[in-house]
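Visitor: One-letter residues, chain by chain:
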Amino acid sequence: MKAFEYATALSTDSAQQLAADNGQYLAGGNDLLGVLKEYLIEAKILVNIKSLLGLNKIETGKTWKIGALVTVAEIENSAEIKKTFPGLQAAASEVGSQQIRNVATVGGNLSQHSRCWYFRHRDTVCLKKHGDLCYARNGENRYHSLFTGKSNTCISPVVSNLATAFASLDTTVVVLREGKETPMTITELYQTAFDDPYAHNSLKPGDLILRVEIPTTHTSSSYMQVSDKHAFDWALVSCAAAGKVSGGKISHPRVALGCISPMPHQVKAANDFLDGKTLDEATVSQVADMILQGAEILEHNGYKVPIAHALIRRTLLALKG
Amino acid sequence: MAGWPAETKYIGHSTLRIDAPEKVSGRARYSSDIQAEGWLYGMILRSKWPAAKITGINLDKALAVPGIKAAITVQDGERTVRFYGEELAAVAGMTKQACLDALRAIVVQAKALDFVVNETEGLKSDSAQVWEGSPNASNPKPREKGDVDTAFNECAAVSEGFYHTPVQIHNPMETAGSTISWTDDGITAWVSTQGIFGSRDALASSLKVDQDKVRVLCDFMGGGFGAKFPPILESVLAARLSKETNAPVRLMLTRFDQALAVGNRPSSFQKIKIGATADGMLHAFDLDNYGTGGIGSGGSSAGGGSGVMLAMPYIYEVPNSRVKQAVVNINAGAARAFRAPGHPPTSFGMESAMDDLAAKLGIDPVEFRLKNDPGEIRQREYKAGIERFGWKDKYKKPGSSPGVVKTGIGCAGAAWPAGGANRRTQGEAQINPDGTIEVRLGVQDLGTGTKTVIAVVAAEILGLKPEQISVKVGDTRFPPGPGSGGSTTCASISPTVYDVCSKALEQIQTQTGVADARGANWFDACKKLGVNPLVVHGQWQAGMSSDHACGVQFAEVDVDTETGLVTVKKICCVQDCGLIVNKNTLESQINGGIIMGMGYALYEERVMDDLSGVVLNPNFETYKVSGIADVPDIDILLINMPERGVIGIGEPATVPTAAAIGNAVFNAIGVRVGSLPITPAKVLAALGKVPAPTKS
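Chains as they are written, first to last, in the working numbering: chain A, 1 to 321; chain B, 1 to 696.
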């Protein structure tokens, strides 16, 4: 990696000031050290934010607030989260390995860079790295997206497990942008990656994720993923479902999928269709069809369609408890 | 077998690894842990081109990087590189970061050439030539026995299938490399190697130094699996850097490097047609296969014994058979010997074809093998395994398992016709007057338990405990031992240690007049030696070891037919290895073989990018190896055959695993996934559930 300065921020404001000139925030470091070591990004300064007060807390209530520095392991191991947001707990438990979860943070998991093997490779200059073309589109695209923006030719998908779960829970991400707390939906957090091939998410230089806010509207939630391996492997497809289930009927249903689009894939029409319906095989199968309609299948990623279909059905049926 | 005692206290029982405390406490020093006084980091610059004419390499800017002490080119003058990752230059510096900076500062002038990194493309006559003027594909004459075409007409059932195995990358826990100190006195090299003497001789000849001026050390090693035999370009570079800097240089490859240039198992693309007569006897076999060992046997980092050609029809005798094979060169790192070279792909193709044919015949796959497998030992092993695994209760017709998650079972057999021993193995023991004893062999312990085997045999002969034997290996100043390949180490060293210790016992008894110096009398006898320790030399003895291990494995899997995920629930392994020397390190070897075989079956695959020519997955993120959560229940039934003497086990245990798992998947879902690794994507494709690409 290239040489950089290092500073520890004592307040969010000073963190933002320190990072203003080509800085990067350092928390768990899992993603950041990887991209720095492979010379995929350069930073003039790393701003250590691990000691920022208040960002490592979980506050319960009608709306839960989870600080950006809360670790993935804390979410995985929290009995209260498991009770209130089982989908989120399950998503956290599938992140990386135990060692990674111990240091990985909510903020870092949400803002990680693309895992596309062309982007990550030190000797390919792909579109995301401002090269001429997306190698994956006509190349090795088994891990790539089924849905991409119209003008976008980068097909690397969002791989954050937490983003998938948060999306299903109507979570708001609170970002400190130019000194102001700016609320964003999960869709808003990734919309730019959907539209702009060079972007990994919608965060601008200097933006700092402070916390996420999760309403307790969805009393049931679930998350499942399928990977090639049984642990310590990225999801091929991940899926989270949430809603309020009463008498076998679901209200406020939400389904979100990861790893098939540059942003968590959600279809409002499918949620609307499901609202008020009984969770049975035929209905959830119809919902899955609606969600996956219009998938653009490449040479090697068509298998994601049946996996996604199965996971949509399974996560929804799991909401019945 | 002659020599080996019938009643034993340690041989055939379980002794914990004698070096376990050193290993688990971190005191064990591997080549990558050596911190010789004043040592420097070494690193290699590799080609970014899959094929190019290199016209110039300028090291000036690298030498100007603070902390850099030397920079050298691998080869002077113009040259052609033939794969992404081929070695171009090397640097030595005070820190890792200085070396990384220096590698980026080297200016390479190159003219990119056309390349091919895909076997099927390489097969075409108009593909870019890896070696100028010679076609990429070899075209050897088919080998035919009997009259195959007529024989197929005589068959009651014929099965045709296509079976593919990918290139598997060598990924031992410890990457390849060494620490080397070259001074006026000579070269001391701590090499992670499977052959200390081979490494010594290769270094001496490459560097034009007398063999007696090169000392190779390898006290601990983190695995080799066939990749760590000479030639050892990275060691030669480390030595040159050491000479240039007058300092020891540690040059261990990174995991990225490991994926490119230090060996892999060749791929195979096997088109098999196989037929049997109505009585279930194999009658006709036809194979058309090609595969790649990368650039082939040329190039400075290629190793021998890579073996693209498959010994078909493997363990079966088919009266009419035709085998046509081609080796295809592509612009990728060369193959090297890889744990049972040739066998896992051969086993996968043949055993898959066997089950596909058994299904057509409507015969139970084990019954079909008992009819057709001429191996007496495997016959015995299948029969024992049927009971142990509960085959008859578990077996259902292919595809008849109900529900979304289907269960299936499968089996496959192994042969390891290599094996045997290095008959020139020597060893010595030094017995001190205080009763301590040091047994010294110029062999290396790859992590397999070689040191423990030496202690077990010595303790048995001398009536001592294994922990009383001080075992020294991994030094070319010791009597020469075998290179560790072909599963020959155990069969080479066990008779040698037997000879050394038997002679030592005889001599101490003669010298001291103690009639039986073993066990309780040992210390009294040693005291009588006086001041001088006794040093006794011995060598390998005939009649105490043999070769040709077999082995069969049974697999039980779950297959989720909606997600394609395969979960291996159980592997039952029935394995012979002649006389069992140490049971628990033997079982560890089998466990390791099975886990590696499972990685081959389900996860491992080198992915080349056609457009850029790079290895796309040079890391454990996307080059997937079995993890602990993937490992099934492994049940090992050992067949002890002391009458055969000692036989090595490192290789046969990994041979049939992938085939058994593949057959279990077939049994579960009723359709063949003929391509390894068996990923969710391939299972779903075989089930016809994958939609076609969208037309753009």
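It should be emphasised that the hints constitute simulated quantities derived from the structure, not laboratory data. Ideal placement from N, C-alpha and C gives every residue a C-beta, glycine not left out. Just to be clear, a hint being listed does not mean it is correct.
Said to hold, decoys possible - List of simulated lysine to any residue pairs, SDA-like, C-alpha gap at most 20 Å: (1) Lys244(A) x Val267(A); (2) Lys2(A) x Pro135(B); (3) Lys96(B) x Phe4(A); (4) Lys150(A) x Lys695(B).
As the list claims (entries may be wrong) - Residues from chain A shown here face chain B by an in silico Cβ test under 10 Å; the list is partial: (5) Val35; (6) Leu40; (7) Lys129; (8) His130; (9) Gly139; (10) His252; (11) Tyr303; (12) Ile307.
Said to hold, decoys possible - Examples of chain B residues lying across from chain A (beta carbon under 7 Å, computed): (13) Val107; (14) Val108; (15) Gln109; (16) Ser612; (17) Gly688; (18) Pro693; (19) Thr694.
Visitor: So, for every hint listed, does it hold in this structure?
Guide: Now the hints, each set against the structure:
At roughly 18 Å between alpha-carbon atoms, Lys244(A) and Val267(A) fall within 20 Å of each other, so this suggested pair holds. For the suggested pair Lys2(A) and Pro135(B), the alpha carbons sit about 44 Å apart, so the restraint of at most 20 Å is broken. For a cut-off of 20 Å, the pair hint linking Lys96(B) to Phe4(A) stands: about 16 Å separates their Cα positions. Our distance criterion of 20 Å between C-alpha atoms is met by Lys150(A) and Lys695(B), whose separation comes to about 15 Å.
Nearest Cβ of chain B to the Cβ of Val35(A): about 13 Å, over the 10 Å cut. The hint is violated. At about 13 Å, the closest approach between the beta carbon of Leu40(A) and any beta carbon in chain B exceeds 10 Å, and the interface hint on this residue is violated. The beta carbon of Lys129(A) comes no nearer than 12 Å to any beta carbon in chain B, farther than 10 Å, and the hint placing it at the interface is violated. The criterion of a C-beta within 10 Å of any C-beta in chain B is not met by His130(A), whose closest approach is roughly 16 Å, and the hint is violated.
For Gly139(A), the interface hint holds, since its Cβ comes within 10 Å of a Cβ in chain B; the closest pair sits about 6 Å apart. With its C-beta approaching chain B no nearer than about 27 Å, His252(A) sits outside the 10 Å limit, and its interface hint is violated. At a threshold of 10 Å, the smallest CB-CB gap from Tyr303(A) to chain B is about 4 Å, leaving the interface hint in force. Satisfaction of the interface hint for Ile307(A) is found here, the shortest Cβ-Cβ separation to chain B being roughly 5 Å, below the 10 Å cut-off.
Hint status for Val107(B) relative to chain A: violated, with the closest Cβ pair at about 16 Å, above 7 Å. Look at Val108(B): its Cβ only gets to about 12 Å from chain A, farther than 7 Å, so that hint breaks. Against a cut-off of 7 Å between C-beta atoms, the interface hint on Gln109(B) is violated, since the closest Cβ of chain A lies about 17 Å away. Taking 7 Å as the C-beta contact cut-off toward chain A, the hint placing Ser612(B) at the interface holds, the least distance being around 5 Å.
For Gly688(B), the shortest C-beta to C-beta distance to chain A is roughly 10 Å, which exceeds 7 Å, and the interface hint is violated. Checking Pro693(B) against chain A: minimum C-beta separation of about 5 Å stays under 7 Å; hint holds. A distance limit of 7 Å between C-beta atoms decides the matter here; for Thr694(B) the minimum to chain A is near 5 Å, and the interface restraint holds.
Violated hints, listed in ascending order, are 2, 5, 6, 7, 8, 10, 13, 14, 15, 17; each of the other numbered hints is respected by the structure.
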